[in-house]
Amino acid sequence: MRDRGGPLNGIRVVELTKVWAGPYAGKLLAHLGAEVIKIESRSNLDEMRAYGGVDIDAAPYFLSINQEVLSVQVNMKTAEGLDLVKRMIATADILIDNIRPGAMERSGLDYESLRAIKPDLIQCSIKMWGSDGPLGYQTGYAPCFAALSGLTALVGYEDEPPGGMNIRYGDSTAGACAALACVAALHHRESTGEGQFIDLSAVETMTSLVGDSLFAANVTGAVPTSDGNFHPQMSPHGAYPCAGGGWTSIAVANEAEWQALCSTLDAPALAVDPRFITLAARLTNRHALDTEIGMLTAGHDAAELAEKLGNAGVPAFKSMSSLDLATDAFLWDREAYRMVSDHRNGTRPIIGPSWRISPDPPLVERGAPLLGEHNACIYRDLLGLRETEIDDLIARKVID
Amino acid sequence: MTTDTPRALAGITVVETAERVSGEYTGKLLADLGAQVIKVERPGGAPTRAMGPFHKGESTLFAYLNANKQSVILDLGDAGERALLDRLLQRAHALVDDHDDGWLQATGLTPENVAEDHPALVHALVTPFGQGAPARLQYMRPINVINAGGWAYHSPSETAPDRPPLKGAGRFLSDYEAGIDAALCTMASILRLRRTGNGQFIDISEVEVQINRIDAVLGRMLAGEAEPSDARTAYDMGGPGASFACVDGHVFLFMTTRLHWKALCTLMGNPPWTVDFREDWLEFDCTPDNVARFRRHFTAWIAQHPKLPTTEAAQKAGVAMVPVNTADDLPRHPQFVERGFFQQAEHPAFGPVEYPGACYRMSATPVRVRTPAPSPGADQQEVSHA
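If you read the protein sequences in the order shown, they are chains E and B.
Counting in the working numbering, the first sequence runs from 738 upward without gaps.
Counting in the working numbering, the second sequence runs from 35 upward without gaps.
Chain B with its partners taken away, still in its complex shape:
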């Protein structure tokens, strides 16, 4: 299944000692871009191999996170095998890790040691709260991180104070966000390494990635231009934007201007209730009462309408109303199909499967699934003798 197209990170070697999803996703982004990523697994295999969902006895999570990587098994507590890791690091451009201080001390992979032993190596370390955090914060899980970073408290929008904050989509949203910043920094630093011959240490805080993503809102609060508060709605925008149930699923409607409103009225055939709203109500009369009144009427209207034809007509009319697509909708969605977002490839246990691809289509170096996730130690021979 090897697809021989140019790879953006051709010639770059990365060693991945990471064992959590944040570090493994960092490695995945780099591997998908074409780096040689050597995954170091503990005897018995990486922890994510034991995380579901499983199919035919194998972890789908592991298969997703580790395609395009190689695998070696090393017992880092064994001096000989630890020395082998050093040999790997000698010829690598980067080390991607995500462990706590205790593990780093035990394996000798502290930032100080790595910098001393491998001055021409980029060392990226992704942790929940960054370096210097107290021990109890070093083993936080994604749900703790997304709560610590504020997105959970404010999601969904308009949540009532007595409903719990939510973890976000899936189990690993904060890990993926952190992986993006870690891969970005790692590649930037490898570029500097290629130009200067010098490595760097990169300390990524998963919580700080969470707060950086809300700069336009929280930044104004820090500066005193907006009031920080304990309100669950503190990040909200206040308009009528929300998900609504339609005949065959849900739609999301977003409206902020009189043009949006007029277009929606036309789309609905100008029902009588719309005349009770000022034409510019979204801009100048967007009170909670009006929002609630609008939603009552719109809920009744959209409940009678189908998802796809209505949203398509809406887009053409200038209404920002879109279908809330489900996991089932996407692989056969015409836009996803046309752009080839899902890439079919063969997996040794699963057979032909569709991998969600990258959100960037690169004209010269397309992201490809080249090899399925490795079996434990699949590349032991090749790597050990290099």
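Chain E extracted, bound-state conformation:
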């Protein structure tokens, strides 16, 4: 298997993951240079290979996540298949799963059993509520994690029911935290030789993203609620309407920025309006201020206004639609988007990692794998099976 460089070069990860959170953890580790082996089966597919198409090797969701991941087919419902999985785990540094609560244990893949096979294994299990506790049996989808976590309650317009983040929010962050914990555990193993079990709760991931609000609530007794775009130390602070349905975000923290805003919006009256004369006054009268600013921004192109404000020293940026994002020259130039190989079309654009690492950057060049694309190298090179043995396993659908 090829050397892609990067900080996790030489680290092997086996993943039993589905949908988004688990695969996202695997992706991040792969994008840091780890060798990530995804265990798959035609009879128990990752749903992402099924959504949005009929070709499981060209499924849009799957291709958008699993770049630089290796795919090996194993039917874990057979004893032989399970044994092969255990042999792979015996060669791995890290095992990640996000399958249903109890499923790993039923397959004999609980941490205690696996430690007998690989004493210094790092195993990370991602579950909605974590691996134990009175509600540990429950499963759910990302918007459920967010609702349970306290995060949804803090997102919404003032004095309205909580709206929450977009319904897609939550899975990928849980995956990122899983990857983080696994790398932390690599350090402990590096120091002591000891592996460990990491019990990751997707709900708690979301809760940790509102940690400062919860801590402040505990200390002060003031319970936070959804607060629109309110900021206690900045005003104006929000997204303001622009031409053609566009919006521009503006955050003003001090007098110089306030003066620059009024001047750029050509609104000298605003600068001397007693309702808005100090930050304290602007905070008190923020709804009136938002209305005033909104009337001034409404005629402008959102991106042009943001650039003008930015150049004048006022933090401002257009609120980006999916079309804005997909066509943004800066993001393309910086290689936030990049091309990887694609079995059908030759190349495919993907969202690249949020990091650039140098020297020795991890290569991210290959698109998501075909189902079982790496069967040969994993069974032959990693487990040392002969071709005839592999053919036999295929014939008997242990490799399916």
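A couple of the hints might just be wrong.
Stated by the list, open to error - Result set (SDA-like, lysine to any residue): computed pairs, CA atoms no more than 25 angstroms apart in a straight line:
no., chain 1, residue 1, chain 2, residue 2
1, B, K296, E, V756
2, E, K1045, B, A167
3, B, K350, E, E842
4, E, K814, E, C1114
5, B, K296, E, A787
As the list claims (entries may be wrong) - The calculated label-pair distances, taken between Cβ atoms and stated as ranges, are:
no., chain 1, residue 1, chain 2, residue 2, range
6, B, K90, E, Q970, 11 to 21 angstroms
7, E, G930, B, D112, 38 to 48 angstroms
8, E, N1048, B, A84, 19 to 29 angstroms
9, E, G789, B, A279, 26 to 36 angstroms
10, B, P343, E, S1095, 18 to 28 angstroms
11, B, E192, E, A853, 43 to 53 angstroms
12, E, Q970, B, E380, 24 to 34 angstroms
13, B, A265, E, E1072, 51 to 61 angstroms
14, B, R329, E, V791, 54 to 64 angstroms
15, E, M1032, B, P322, 29 to 39 angstroms
16, B, A117, E, L1100, 31 to 41 angstroms
17, B, H331, E, G930, 54 to 64 angstroms
18, E, E895, B, H331, 45 to 55 angstroms
Unchecked claim - Chain B is faced by these chain E residues, among others (derived, beta-carbon under 7 angstroms):
no., residue
19, I802
20, L885
21, V947
22, S986
23, G1083
24, R1085
Hint data in this document are derived by calculation from the structure and do not stem from the laboratory.
Keep in mind it's a predicted model, so treat the numbers as computed, not measured.
Where is the CB? At the ideal position from N, CA and C, for every residue including glycine.
With chain E's structure known, arrange chain B on it following the hints.
What follows is chain B alone, placed relative to chain E:
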């Protein structure tokens, strides 16, 4: 209050010159995992000490972000104190920073300088748009970043075109997301450092963290498999999933399959209006009209029902309906209590307080609040003489 359990990052030293929440949260994640994180504060103290909410004259934000860290005060404009920073960096594994080019030039902490002066150091630099961004983009604030990354435009789901995009939960959502990637990369690179003796430079873009988190949706748009657009609903899923008001708060309901629908009908006692829906309507007849009609009926039903008993019964029946928990609910929520997510510890000004903990429970190296956030320069002596 020192709790002596093994620490995942025992023996790792990190210097934090960061002064924004994205960099400070990176340092917090590393400190909570057990690294020695030396926070370098400017004379007068770190900017986050001046950010509320305040209690007994101290910033709760600073206390949250900087537990488990040490503090030194250095005037980096003073040659002698700048040299002291270099001495700290000589024995550190990593430097975590989040400043713009101007500050880096002024302090001599540009990536090039750091790499030359400290080849065995991991240098992580978290900025709004990453390296090479124009000056005006280098001082963007979290609300700008979450708008630049697309999540604000698409949040909440189903927002009407005339309502403003939202900043997300709290003030720092994009900072926390960026901190996760920065801490991940920093630890990965320190591992390589331990094995090879060589440092690396890590450039983290907060906006790119935002867009990476939506790979499964935006990635399909880049590839032409879904249509990017100016629709505020472009990330939505289109089903009936939403928050609903109940007797004593809100619940969130998520439904995508006929099994979910049948289970919900049973839970509600099969009211007559449900027969107007096809059994498989969620899969094959999930039109906006049907969603609206369903929500009308369900809104009336759930408004008469209490949050906890109804959602508990729903879970047992196979309905993905959950309570929308508030900040008040969590510290006494049985699952959070059982897992010990909130850790009680003593703070010198606040007294006994509950810190939200980590979302990963590590069997060998549990994350702990070991020491409260330091007073300014609390570790000056120890660190300066090391």
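Tested hints:
no.: 1; hint: B:K296 x E:V756; in the structure: holds (24 angstroms)
no.: 2; hint: E:K1045 x B:A167; in the structure: holds (16 angstroms)
no.: 3; hint: B:K350 x E:E842; in the structure: holds (21 angstroms)
no.: 4; hint: E:K814 x E:C1114; in the structure: holds (22 angstroms)
no.: 5; hint: B:K296 x E:A787; in the structure: holds (24 angstroms)
no.: 6; hint: B:K90 x E:Q970: 11 to 21 angstroms; in the structure: holds (19 angstroms)
no.: 7; hint: E:G930 x B:D112: 38 to 48 angstroms; in the structure: holds (44 angstroms)
no.: 8; hint: E:N1048 x B:A84: 19 to 29 angstroms; in the structure: holds (27 angstroms)
no.: 9; hint: E:G789 x B:A279: 26 to 36 angstroms; in the structure: holds (34 angstroms)
no.: 10; hint: B:P343 x E:S1095: 18 to 28 angstroms; in the structure: violated (56 angstroms)
no.: 11; hint: B:E192 x E:A853: 43 to 53 angstroms; in the structure: holds (50 angstroms)
no.: 12; hint: E:Q970 x B:E380: 24 to 34 angstroms; in the structure: holds (28 angstroms)
no.: 13; hint: B:A265 x E:E1072: 51 to 61 angstroms; in the structure: violated (27 angstroms)
no.: 14; hint: B:R329 x E:V791: 54 to 64 angstroms; in the structure: violated (32 angstroms)
no.: 15; hint: E:M1032 x B:P322: 29 to 39 angstroms; in the structure: holds (32 angstroms)
no.: 16; hint: B:A117 x E:L1100: 31 to 41 angstroms; in the structure: holds (38 angstroms)
no.: 17; hint: B:H331 x E:G930: 54 to 64 angstroms; in the structure: holds (60 angstroms)
no.: 18; hint: E:E895 x B:H331: 45 to 55 angstroms; in the structure: violated (28 angstroms)
no.: 19; hint: I802; in the structure: holds (6 angstroms)
no.: 20; hint: L885; in the structure: holds (5 angstroms)
no.: 21; hint: V947; in the structure: holds (5 angstroms)
no.: 22; hint: S986; in the structure: holds (4 angstroms)
no.: 23; hint: G1083; in the structure: violated (12 angstroms)
no.: 24; hint: R1085; in the structure: holds (5 angstroms)
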